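Protein chains: 2
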Amino acid sequence: MAENGVSSIIPGWFSEMSPMWPGEAHSLKVEKILYQEKSDYQNVMVFQSSTYGKVLVLDGVIQVTERDECAYQEMITHLPLCSIPDPKKVLVIGGGDGGVLREVARYSSVEQIDICEIDKMVVDVSKQFFPALAVGFEDPRVNLHVGDGVAFLKNTPEGTYDAIIVDSSDPIGPAQELFEKPFFESVAKALRPGGVVCTQAESIWLHMHIIEDIVSVCRQVFKGSVNYAWTTVPTYPSGVIGFMLCSTEGPAVDFKHPVYRIDENSKTKGPLKFYNPEIHSASFCLPSFAKKVIDSKSS
Amino acid sequence: MAENGVSSIIPGWFSEMSPMWPGEAHSLKVEKILYQEKSDYQNVMVFQSSTYGKVLVLDGVIQVTERDECAYQEMITHLPLCSIPDPKKVLVIGGGDGGVLREVARYSSVEQIDICEIDKMVVDVSKQFFPALAVGFEDPRVNLHVGDGVAFLKNTPEGTYDAIIVDSSDPIGPAQELFEKPFFESVAKALRPGGVVCTQAESIWLHMHIIEDIVSVCRQVFKGSVNYAWTTVPTYPSGVIGFMLCSTEGPAVDFKHPVYRIDENSKTKGPLKFYNPEIHSASFCLPSFAKKVIDSKSS
Numbered sequence: 001m002a003e004n005g006v007s008s009i010i011p012g013w014f015s016e017m018s019p020m021w022p023g024e025a026h027s028l029k030v031e032k033i034l035y036q037e038k039s040d041y042q043n044v045m046v047f048q049s050s051t052y053g054k055v056l057v058l059d060g061v062i063q064v065t066e067r068d069e070c071a072y073q074e075m076i077t078h079l080p081l082c083s084i085p086d087p088k089k090v091l092v093i094g095g096g097d098g099g100v101l102r103e104v105a106r107y108s109s110v111e112q113i114d115i116c117e118i119d120k121m122v123v124d125v126s127k128q129f130f131p132a133l134a135v136g137f138e139d140p141r142v143n144l145h146v147g148d149g150v151a152f153l154k155n156t157p158e159g160t161y162d163a164i165i166v167d168s169s170d171p172i173g174p175a176q177e178l179f180e181k182p183f184f185e186s187v188a189k190a191l192r193p194g195g196v197v198c199t200q201a202e203s204i205w206l207h208m209h210i211i212e213d214i215v216s217v218c219r220q221v222f223k224g225s226v227n228y229a230w231t232t233v234p235t236y237p238s239g240v241i242g243f244m245l246c247s248t249e250g251p252a253v254d255f256k257h258p259v260y261r262i263d264e265n266s267k268t269k270g271p272l273k274f275y276n277p278e279i280h281s282a283s284f285c286l287p288s289f290a291k292k293v294i295d296s297k298s299s
Numbered sequence: 001m002a003e004n005g006v007s008s009i010i011p012g013w014f015s016e017m018s019p020m021w022p023g024e025a026h027s028l029k030v031e032k033i034l035y036q037e038k039s040d041y042q043n044v045m046v047f048q049s050s051t052y053g054k055v056l057v058l059d060g061v062i063q064v065t066e067r068d069e070c071a072y073q074e075m076i077t078h079l080p081l082c083s084i085p086d087p088k089k090v091l092v093i094g095g096g097d098g099g100v101l102r103e104v105a106r107y108s109s110v111e112q113i114d115i116c117e118i119d120k121m122v123v124d125v126s127k128q129f130f131p132a133l134a135v136g137f138e139d140p141r142v143n144l145h146v147g148d149g150v151a152f153l154k155n156t157p158e159g160t161y162d163a164i165i166v167d168s169s170d171p172i173g174p175a176q177e178l179f180e181k182p183f184f185e186s187v188a189k190a191l192r193p194g195g196v197v198c199t200q201a202e203s204i205w206l207h208m209h210i211i212e213d214i215v216s217v218c219r220q221v222f223k224g225s226v227n228y229a230w231t232t233v234p235t236y237p238s239g240v241i242g243f244m245l246c247s248t249e250g251p252a253v254d255f256k257h258p259v260y261r262i263d264e265n266s267k268t269k270g271p272l273k274f275y276n277p278e279i280h281s282a283s284f285c286l287p288s289f290a291k292k293v294i295d296s297k298s299s
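Chains as they are written, first to last, in UniProt numbering: chain A, 1 to 299; chain B, 1 to 299.
These are calculated hints, taken from the structure and not from any lab test.
Treat the numbers as computed from the prediction; the structure is a model and nothing was measured.
Each statement offered as a hint is correct.
Put simply, identical chains are the same to the list, so a pair is met inside one copy or across any two.
Computed cross-link-like contacts, BS3-like style, restricted to lysine-lysine with a CA-CA straight-line distance of at most 30 angstroms: (1) K291 with K269; (2) K267 with K291; (3) K267 with K256; (4) K154 with K127; (5) K120 with K38; (6) K189 with K256; (7) K269 with K292; (8) K256 with K273; (9) K267 with K292.
Starting from the given sequences, assemble the full structure and let the hints guide the process.
Below you can see the structure in the form of structure tokens.
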């Protein structure tokens, strides 16, 4: 298996294999490899797939496909932002493809959108190959910081943000620290009282042990509420991805009942493809096997 | 690609490829092929996977893995049966592995469970390799009919069943007729007034055109309510599977709000792993792209 996942084993197909999901692999047929470089942090690849549009791959793991990116970008953004009345200052950590920025830019209440992405190559590649994602960078409220999210948060004055969205890759690689307690403590400090965070939190089918740990840490760090939600994304391993949604001490946040009604059919931003208030609430309903583990850590 | 999907392309892996999901394939690492025969209807294979337990494959398509079968069996059974007060007579069409029977057998109100499976080899193979599924056949209320579901329904007196569950494979192959209007008409006839049907109804990510047609047909045939629900099943293509839930004219059925409270922690039957009343209601919440299509057919 080559480092970038385009193996000589299935000629013409990209196969996603990882020790994080042993014994299984999802494969996409490759029409053409469009980009392939090693950045300071990871292997970056873009290919044209035959049925999922263009695909962004980091260290052999699919991050985005044009066909199903709507589910991830809309859910990771609107779950936290629709849970508070009028988000004004938002920080995105990771998310260098711009998709989360595109969704944050739908909020007229938002005044400032900071993004801290460690790998400039991801931003550049998105601008070159994924215009529908990179459009997020064009909003005048966006400030791009290329650097380490952990360091960025350390220099953030206490109580700065209404919401922080952590759009990270898996905890193997450059994103590892984003799953650890010191990071969550910095996030909590950077949020205003009653501020909210949403972090990518793996799959209930594959990673209950990781999720258990994250829930445990969040329960210690966040004195408001701590919740787990999930959604379907076909090209992520096991077909689902989860999110930790937490709030700091202060005005209570009931994540399960959105308070901000987003314009689902925006004329300027285009309609939402995936998110709606019903699926917002539904995403917090867990299968019994996951509910049992998460509830035991949460209470 | 060999007929059974264990290809010479990825040695030692099973790859699921089909014209129903072109350009993508999910693969599982094979420890050992346990069974491989051609029945009168299809290729039947069982293998031991390295991380999903034993796997049943029909015509190259994964039907069941020991690791994630709970999601499918519990949802296809409890979505319809928890939606009516006291199910007594239940018919299962397909479902030869026995998993749905196992779930139907949890209902103390049920007096009669008929199953009509076309392929006896599936039943035999399940009894040999999947005891946790085939246990469903041991319930004394179960009557197994080996034969064609369409013909079976034609001979069923009108208004016989409270609930019919159609646990079919995809509409390519022996299950094709189970997706067509005459079949749904027979189902409606075999149900009592206010009776319910739940049929396997493909993936919102892959098969919206098929779903659109099924919804259209069901709206013509079922004069009670017509609904679409979905759940996560990692080893099904795109990671999700949907269900059509319909009721006949008669006492109203509100599928979204279960009325039968199943014993989630049964001492004799074991606890439910996936289903609970919250995930029941949540499963009817659709992403906007699917909701738009389905609502336009439903009203």
